[in-house]
Amino acid sequence: MFNGLVLGALLALISSGLTIIYGTLGVLNLAHGAMFMIGGYAGYLTFTATGSFPLAILGGALFVMVLGVVMERVIIRHFYGRPHEDQILVTFGLSIVFVEAIRFSFGSLSYSVPPPPWATGVTSLGFMLYPTYRLVVVGIVAVALLALYLVLYRTRLGMIVRAGIEDSVMVDSLGINVFRVFMVVFGIGAMAAGFAGIVNAPVVSLTPDMGEMILVQTFVVVVIGGVGSFPGAILGGLIAGQILSITSMINPGYAYVMLFAAMTLVLLIRPRGLMGLRSRD
Amino acid sequence: MVANRRTFLGQSLAMGAGIGGISAGGWGALGLLSPAWAKDEPPLGTWPAGSQGSSVFIGITVPRTGTYAVQGEDELKGYQLAVEHINAGHPLIKAISPKTTKGVLGKEVKVGVADDGAKPNQAVQNISRFISENKAVLMTGGTSSAVAVALNKLAQREKVLCVVGISGSNDTTGKDCVRYSVRECFYGQTAAAGIGPVLLKAFGKGKKAAYLTPDYTYGHTVQKSMSDFLNKEGGWTTVTNQVSPLGAPDYSSFLLNIANSGAEIFLNINWGHDAVLSIQQAKQFGVLDKQKLVVPYQVPFLAREVGGNLLEGVYAATDFWWTLEDKYPLAKQFVAEFEKKYGYKPEWGANACYMQFAMWANAVETAGTFYPPAVIKVYESGAKIQSTVGEVHFRPEDHQLVRPVVIVRGKKASEMKGKEDYWEVLEVLPGEPLMQKPDAFGCKLGDYS
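Listed in order, the protein sequences are those of chains D and B.
So the first sequence is residues 1 to 281, counted in my numbering.
So the second sequence is residues 282 to 730, counted in my numbering.
The following block holds chain B by itself, in its conformation from the complex:
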């Protein structure tokens, strides 16, 4: 690494004049920002050191071990495919980021990957190393919203951009939002607003609901959003909310309480392997025979891991499901490319991560510079972006992507057209009407520099 960095520095000194010329051209073409603005700015975060060579570095932290390992690997594949496409100037990237030729502003993208086991402190440590040793110009991580929130804080402190991977907590772009971070997947609140009416239509009003909630920011905010909506709009009552630790080895004590709670609907907020295990054990405890299961925020690979058709007829809100390829041409292209490389259909984590890198490439190309405030301003312009779920844009006030919410229902074995045909897409709801006001969760973005 050290040798590489020295080589880059050497190259950048030699190429100094050339780069200056290119970036001045970029600024002029953009016409919005004066070329002098970025050039005269004092160094900020890893700028300009991180983008002076012939390549730029992205620090990736994902859980490759622990309860979210499966989803982390899927995310990583999404990132890696995006980087491959960015460096090759693939047509799919060009459809999302029209100014892309090869690489980002002509620089090759390199990545470093580290495992955080979904632990926030490990994630921060991983990325801090990528910043200090590799001068990373971008960081990403997630799967656990606790990690996403921790990276948000790191991004703002270090003034290095962050694109969040999987994260459904209301805090990520709410209470803990920052200027230096953006999110692709929707708020738990948006999921609740999307799936809530569907549940009321399917099950009726005045139902008794039991919740099983993982004990961290994601679980608490999604549980609150769901119960607030269902209790207020449908007159449902929450008979019990069982809070379980992340990565619990056994759910029997919680499930016994749920089994004996008299609930009619069982809303399982758990995620990753926790969701798999708790649903399998819910079956063992007879909960699924008496209560209708709902998974408010769909979990990648859940259906294939749980097995035994336990998800038949189960409603969920999701970010992406591969059969959307029938509706969106970019989704079709993405699913085909992903399957060609990895041999299975991508789940929503892979899609979110692919899109995050593609949209970052778009933002940097549009800004014509890696200077973080300029890139952030492109995100905040709210310009339309083509994506695998149609046209989307970022909300400037909270850096949240405005994107559709996909409502799915688990298929019966007899309806499945292939072994990966687990979910039926019921509705694709436009995101904007479902979203709460940007400041509803107390988002204050903070400074540019």
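Next up, chain D with everything else stripped away, as it sits in the complex:
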């Protein structure tokens, strides 16, 4: 159950990044898994340079945010007006480039970031022992999601973003510089993945492939929760986490089957996802 909570919290964070990018920009970012992976590696480098875990989190998240902004300015921006297939191809291509670049510079050997000293060891929950750091992960992610919530629901930028999700043409015609907003949104969305990458690094170890698997799960989360919906991503993440971990306890082979079965069920009953808004366009 706790495994599901930890996994679910991470998925919620990554998915919310994916979903706000899609909701605002209409771009399905297939490089989102690579962002998650790069966040881990950037954090690892920061950690080896400074020896500080909080700095590693900051380094990982900020680096991926900058990368996201650069990616948006240099490449993605030219694809807003183009069909979805082109957007999917370009982000898919970018993800391959990122994965291979990491493989080229770091090799396939995995790297690990130790959790901060105060969070090592196991904690007794009364009924079982559980690694302390995993409990900390839930806390860190909750804080991050709260921060994301505040940005989206309590700031002017957030208002524009939410308005953009509802009706981007209208926002455009109100004279708001959508391009700058898009850039910031892409940066924040990417940062959510990068942040999750480094927070997750002490739980798993870093490999160039780590983003691919999480990307699939993230998409399922977004579909379950409702495409473009921030609360939907959180709900979907928690549900997916529980499905994956509970099925794994019984028969790991069926974990994905159950996940996709759940997604199909949701789509049958609520085609726009659990908390989906009306479809775009």
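Simulated from the structure, these hints should not be mistaken for lab results.
All C-beta atoms, glycine included, are put in the ideal place defined by N, C-alpha and C.
Don't take every hint at face value.
Said to hold, decoys possible - Listed next, the stretches of chain B that the computed footprint assigns to chain D, with coverage defined by at least 3 CB atoms under 8 angstroms from CB atoms of chain D:
1) 340-347
2) 554-563
3) 717-729
To be verified - If you want the footprint, here are the derived chain D segments under chain B, 3+ residues with CB under 8 angstroms:
4) 47-60
5) 108-114
6) 131-140
7) 206-218
Place chain B on chain D using the hints.
Then chain B, alone, in the frame of chain D:
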């Protein structure tokens, strides 16, 4: 590729008479097989098309992505070093294959490399392409025994020789053995027979053991071999056997069960990145504080990847460890050559793959022809071969190399003499007494043609 092949064909037509002369000489020198035998045979697999030019082609499939990527890259380096040495007629190759001059039967060896991500269907697809497009005379692949078994079947069907890379499953030269494939590394069963007594001596009888097993042929057969031995010979009990999928992203649910199982010994059969991750997470879950870790079949790079001295005092059976250079002159030469080229000490995958190509060169040179049945008969002659772990030979009944099993134990940080000095070699056990009968796992080799 197409242009190259046409060039080869052109050359071979022009050189036809010359080649005939050489091979007739080869046959005569061998004296065992009549020269007429191979020459009059109908084409078989890629023979003779694949060896008519001035070069021969080997198809290599290794995992360069996914959970076994690290080990796959190491294997590939072993293959590439071997090919370089074969083509140059290096002294190390000549020590293993005395008849080698340059290349194999004077032909340059070329290779094609493809990534299979340790997936059997991808591996079969890769090699099938090398066979149809490049007329490969030899195929190799492994790391995952599931890949090795799939290639075995392909080799037998296509009548193209296969030398298996890393593969520890009992099935590879057992239930799924074929005439057209040979294996260098030992059976999981042999590893169990080697490390079992060491574990009983170290931990005593009547222990409770928990297993973490990857869900495919390698995991299941090694787990069975280990528990059969320990339960029968030492009165151990298996309190839990957690079966996890290959490439699992998280081991927490399995480790929670193991942590709460009351086991005293934790035998982790996982391999590649799965082993790294599951051991690191076992530490996080406090399993390693309460239970003694054993890695029955050592994983290349495990110690350096896991880090944090988690493997201190851990027992493992392995194929090769570089400090064997103190014992075997060829190992010393191999380690030196490998380190010179790649900048690190080779792990056992690289050694196994180097040896496989070297022994293939030896078999072809001895046969004097690339005709597969003739080459297979050389393997089946059981003749002694010099190797990096002393004198070895193939068992004709199951095409398994009879070779020593190396028992190692993880060193303490304070005992390490260098940054790659992770394991202490405890024993080098002769392979023959540890091996089960060739037909114990139902090996039926199949036809020559």
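We went through each hint and held it up to the structure:
no., hint, in the structure
1, 340-347, "holds (count 3)"
2, 554-563, "holds (count 5)"
3, 717-729, "violated (count 0)"
4, 47-60, "violated (count 0)"
5, 108-114, "holds (count 5)"
6, 131-140, "holds (count 3)"
7, 206-218, "holds (count 6)"
The earlier numbered hints that this structure contradicts are 3, 4.
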